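**Student:** As a plain string of letters, each chain reads:
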Amino acid sequence: MLWDALTRPDLWASTLAMATPIALPALGGTFSERSGVVNIAMEGIMLIGAFFGVLFAYYTNSAWLGLVGALLMGAFISALFAYVTVNLGADQVIVGMGVNIFAAGLTAFLLNTIFGYGGTPRETPALPNLTIPGINHLPFVGPILGSQNVVVYLMLMLVIGSHYFLFHTNLGLRIRAVGENPQAADTAGLNVKGLRYLGVIIGGMLSSLGGVYLALGLLNSFEVNMSGGRGYIALAAMIFGKWTPFGSLGAALLFGFAMALSMALQGGGVSSNIIQMLPYALTILALTGLVGRSTAPAADGVPYNPHN
Amino acid sequence: MGKTIEGLLTPLVAIVIAVLIGAGVMLVTGHNPLTAYGALFTGAFGSAVDFSNTLASAVPLILSGLGVAIAFKAGLFNIGAEGQYWIGSMAAVWIGYSVSGLPPLLHISLAILVAMLAAGLWAGIVPGLAKAMVGAHEVITTMMMSYIAIFLSHYMLENGPMMQPGFTPQSPVILPSATLGKLMERTQLSWGLAIAVGACLIVYWLLYKTTLGYRLRAVGLNARAANYAGINVPFHLVLALFISGMLAGLAGAVQMLGVQHRLYDSFSSGYGFTAIVVALLANNNPFGVILASIFFAALSTGGQSMQLVSGVPANLTDVISGIIIFLVASKDIGQIVQKRWRKSQTLAPVKEA
Numbered sequence: 001m002l003w004d005a006l007t008r009p010d011l012w013a014s015t016l017a018m019a020t021p022i023a024l025p026a027l028g029g030t031f032s033e034r035s036g037v038v039n040i041a042m043e044g045i046m047l048i049g050a051f052f053g054v055l056f057a058y059y060t061n062s063a064w065l066g067l068v069g070a071l072l073m074g075a076f077i078s079a080l081f082a083y084v085t086v087n088l089g090a091d092q093v094i095v096g097m098g099v100n101i102f103a104a105g106l107t108a109f110l111l112n113t114i115f116g117y118g119g120t121p122r123e124t125p126a127l128p129n130l131t132i133p134g135i136n137h138l139p140f141v142g143p144i145l146g147s148q149n150v151v152v153y154l155m156l157m158l159v160i161g162s163h164y165f166l167f168h169t170n171l172g173l174r175i176r177a178v179g180e181n182p183q184a185a186d187t188a189g190l191n192v193k194g195l196r197y198l199g200v201i202i203g204g205m206l207s208s209l210g211g212v213y214l215a216l217g218l219l220n221s222f223e224v225n226m227s228g229g230r231g232y233i234a235l236a237a238m239i240f241g242k243w244t245p246f247g248s249l250g251a252a253l254l255f256g257f258a259m260a261l262s263m264a265l266q267g268g269g270v271s272s273n274i275i276q277m278l279p280y281a282l283t284i285l286a287l288t289g290l291v292g293r294s295t296a297p298a299a300d301g302v303p304y305n306p307h308n
Numbered sequence: 001m002g003k004t005i006e007g008l009l010t011p012l013v014a015i016v017i018a019v020l021i022g023a024g025v026m027l028v029t030g031h032n033p034l035t036a037y038g039a040l041f042t043g044a045f046g047s048a049v050d051f052s053n054t055l056a057s058a059v060p061l062i063l064s065g066l067g068v069a070i071a072f073k074a075g076l077f078n079i080g081a082e083g084q085y086w087i088g089s090m091a092a093v094w095i096g097y098s099v100s101g102l103p104p105l106l107h108i109s110l111a112i113l114v115a116m117l118a119a120g121l122w123a124g125i126v127p128g129l130a131k132a133m134v135g136a137h138e139v140i141t142t143m144m145m146s147y148i149a150i151f152l153s154h155y156m157l158e159n160g161p162m163m164q165p166g167f168t169p170q171s172p173v174i175l176p177s178a179t180l181g182k183l184m185e186r187t188q189l190s191w192g193l194a195i196a197v198g199a200c201l202i203v204y205w206l207l208y209k210t211t212l213g214y215r216l217r218a219v220g221l222n223a224r225a226a227n228y229a230g231i232n233v234p235f236h237l238v239l240a241l242f243i244s245g246m247l248a249g250l251a252g253a254v255q256m257l258g259v260q261h262r263l264y265d266s267f268s269s270g271y272g273f274t275a276i277v278v279a280l281l282a283n284n285n286p287f288g289v290i291l292a293s294i295f296f297a298a299l300s301t302g303g304q305s306m307q308l309v310s311g312v313p314a315n316l317t318d319v320i321s322g323i324i325i326f327l328v329a330s331k332d333i334g335q336i337v338q339k340r341w342r343k344s345q346t347l348a349p350v351k352e353a
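First to last, the protein sequences are chains A and B.
Numbering-wise (this note's numbering), the first sequence opens with residue 1 and increments by one.
Numbering-wise (this note's numbering), the second sequence opens with residue 1 and increments by one.
No wet-lab data here; the hints were simulated from the structure.
Any given hint could be a false lead.
Capping the alpha-carbon separation at 25 Å, the derived lysine to any residue pairs in SDA-like fashion look like this [to be verified]: (1) K242/A to A132/B; (2) K242/A to L291/B; (3) K242/A to M133/B; (4) K242/A to W12/A; (5) K182/B to G166/B; (6) K242/A to K182/B; (7) K182/B to L291/B.
Some but not every residue of chain A turned toward chain B, in silico, with C-beta under 8 Å [as the list claims (entries may be wrong)]: (8) V93; (9) M97; (10) A108; (11) A236; (12) A281; (13) N305.
Just so you know, these numbers come straight off a predicted model, no measurement behind them.
C-beta atoms are modelled at their ideal positions from N, C-alpha and C, and glycine is treated no differently.
Chain A with its partners taken away, still in its complex shape:
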């Protein structure tokens, strides 16, 4: 039963599909926390992205404009989050929690107010699936990588791009510097607050894209709380991936695999609920150093006030 499931390409294709809405917010969290702002608001920002993606896509009749609108809303709510945490020095975890509750309420409220209680319209345009000509006829790999939603490919490119940006460009180095030692970065003439805004806003747009994938890529509708805790799993993936883009992707793939496997094995003896606990258990093990110690950026979560 298990071997059967493992050798079928659909398991691996759905692993990739399930990893995408975890990898994107995990990447988003990585940007935010690398700049020194703890972000547990990915769950809420995903909902914002999902709802406004559908809203803009429906009214402009273009899924791509929906995506752009969702990214802008993600940037907007993140800028608000950054203002309260970076400028006013409010507790980042508490405000993040506030964003999650606010976003869940707002999107449900707007859904019922704008679209009524029957849900979003079926004729909302969706983001297309791409078929990669060279790859899609290959045996085994073809069905996995050859035909996925466009956001899946976008995610893979963003992971590579983010790695390059964070670790091989000046701006990336600066973002990491304010997350490790803001005093030193400030002394060296870096704009600590500005760079933290940048980290939080890029992070918010990536999380928002994760929501867009759920709403316009997978389901073609918005449903109340459709992020379903993925923003929190993303937090786990970011930590398990040691605050790096490739690590986040790797952890997201592992967690996506756990989900895909638990669905493939449904009714097959092994309880899917037990398999679904794995990502969370692994994260605790990683944090306690039992599975490769994870350490956060040094100034992660500490508001920077140049006067003390």
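Chain A is fixed; fit chain B onto it per the hints.
**Tutor:** Structure of chain B alone, referenced to chain A:
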């Protein structure tokens, strides 16, 4: 006295601003805020039955809110009260239906005790020891343990030992001897309210009238100084999470024995997350927790009648809660605005010159 007023000011201002923003949203979406808030208030407090139901939904919030508050006092952010609530619920229901032949008082006490112990260990052992020994951040570990607890309850009810034969995933009903009596007939209000108020008194006494409470607060204010003063910081961190988990577990037990009488399969009770907002709004004061819990309970029971009467979706109350968190968390917002304004006043003449 002055301190009390100051402590009340921030949450009150936050509530007023959030309610006004809510009214603005209603106006924009074409509803009458007065009708809507009127319906909300009547739905929550309009009759003895409504008020009792509001108090009944405040009970689990008070208990889990106390849990979050006591952890905050020791400098710990227990974000996993939701999971500890589930562990407490599972344990209480299990004792409630599987142990028979006990007199009611003993049966109820046993169920509550086991629930508190299980939830306390759930929070104290993994997140507590991980924090005390290797410094693993409790926000992450309690959150992860929360999800593990929820999946554990799915397992127990869907194909585990607590599954009730039949099509609906749910546990068997607890025995009459484990049921908490009602304080008011035809409502959900049980003796759980007395337990919740009693817990508030005990937590207050513990925090402010005992050496243990003093030590917990000292660790929360400055762990390094507490260490120099000879307080065993790791021990108190574990203990704080243990007590915090016990209170969230008690919330689950009281809800099971007093209201639900069996465990249903669901993704979230919502209490554990609202508990964080409750503790925040109450500024971790045990008596403030009671007021804040009644406020959020009223929002949720009143929200339903608001939706029925005025057509404003009940989810608006979550928007209001979210805004309250924003405002309370950035409590310096008032001071900053004031300072800016003063600065611009004093700078203006200089600019002119």
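**Student:** Would you mind marking each hint as holding or not holding in the structure?
**Tutor:** Now the hints, each set against the structure:
Restraint check for K242/A and A132/B: satisfied, since their Cα atoms lie roughly 21 Å apart, inside the 25 Å limit. A distance of roughly 41 Å separates the Cα atoms of K242/A and L291/B; the hinted pair therefore is violated under the 25 Å criterion. The suggested pairing of K242/A with M133/B holds, with an alpha-carbon distance near 20 Å, which does not exceed 25 Å. Restraint check for K242/A and W12/A: satisfied, since their Cα atoms lie roughly 24 Å apart, inside the 25 Å limit.
Only pairs whose Cα atoms come within 25 Å are accepted, and K182/B paired with G166/B is rejected, the gap being roughly 29 Å. For the hint linking K242/A to K182/B, the alpha-carbon distance of about 51 Å lies beyond 25 Å, and the restraint is violated. Using a Cα cut-off of 25 Å, the hinted pair K182/B and L291/B holds, with the two alpha carbons roughly 22 Å apart. At a threshold of 8 Å, the smallest CB-CB gap from V93/A to chain B is about 6 Å, leaving the interface hint in force.
The interface hint given for M97/A holds, since its Cβ lies 6 Å from the closest Cβ of chain B, which is under the 8 Å cut-off. Look at A108/A: its Cβ gets to within about 4 Å of chain B, closer than 8 Å, so that hint holds up. The closest approach between the C-beta of A236/A and any C-beta of chain B is roughly 6 Å, which is under the 8 Å cut-off, so the hint is satisfied. Satisfaction of the interface hint for A281/A is found here, the shortest Cβ-Cβ separation to chain B being roughly 6 Å, below the 8 Å cut-off.
For N305/A, the shortest C-beta to C-beta distance to chain B is roughly 11 Å, which exceeds 8 Å, and the interface hint is violated.
Violated hints, listed in ascending order, are 2, 5, 6 and 13; each of the other numbered hints is respected by the structure.
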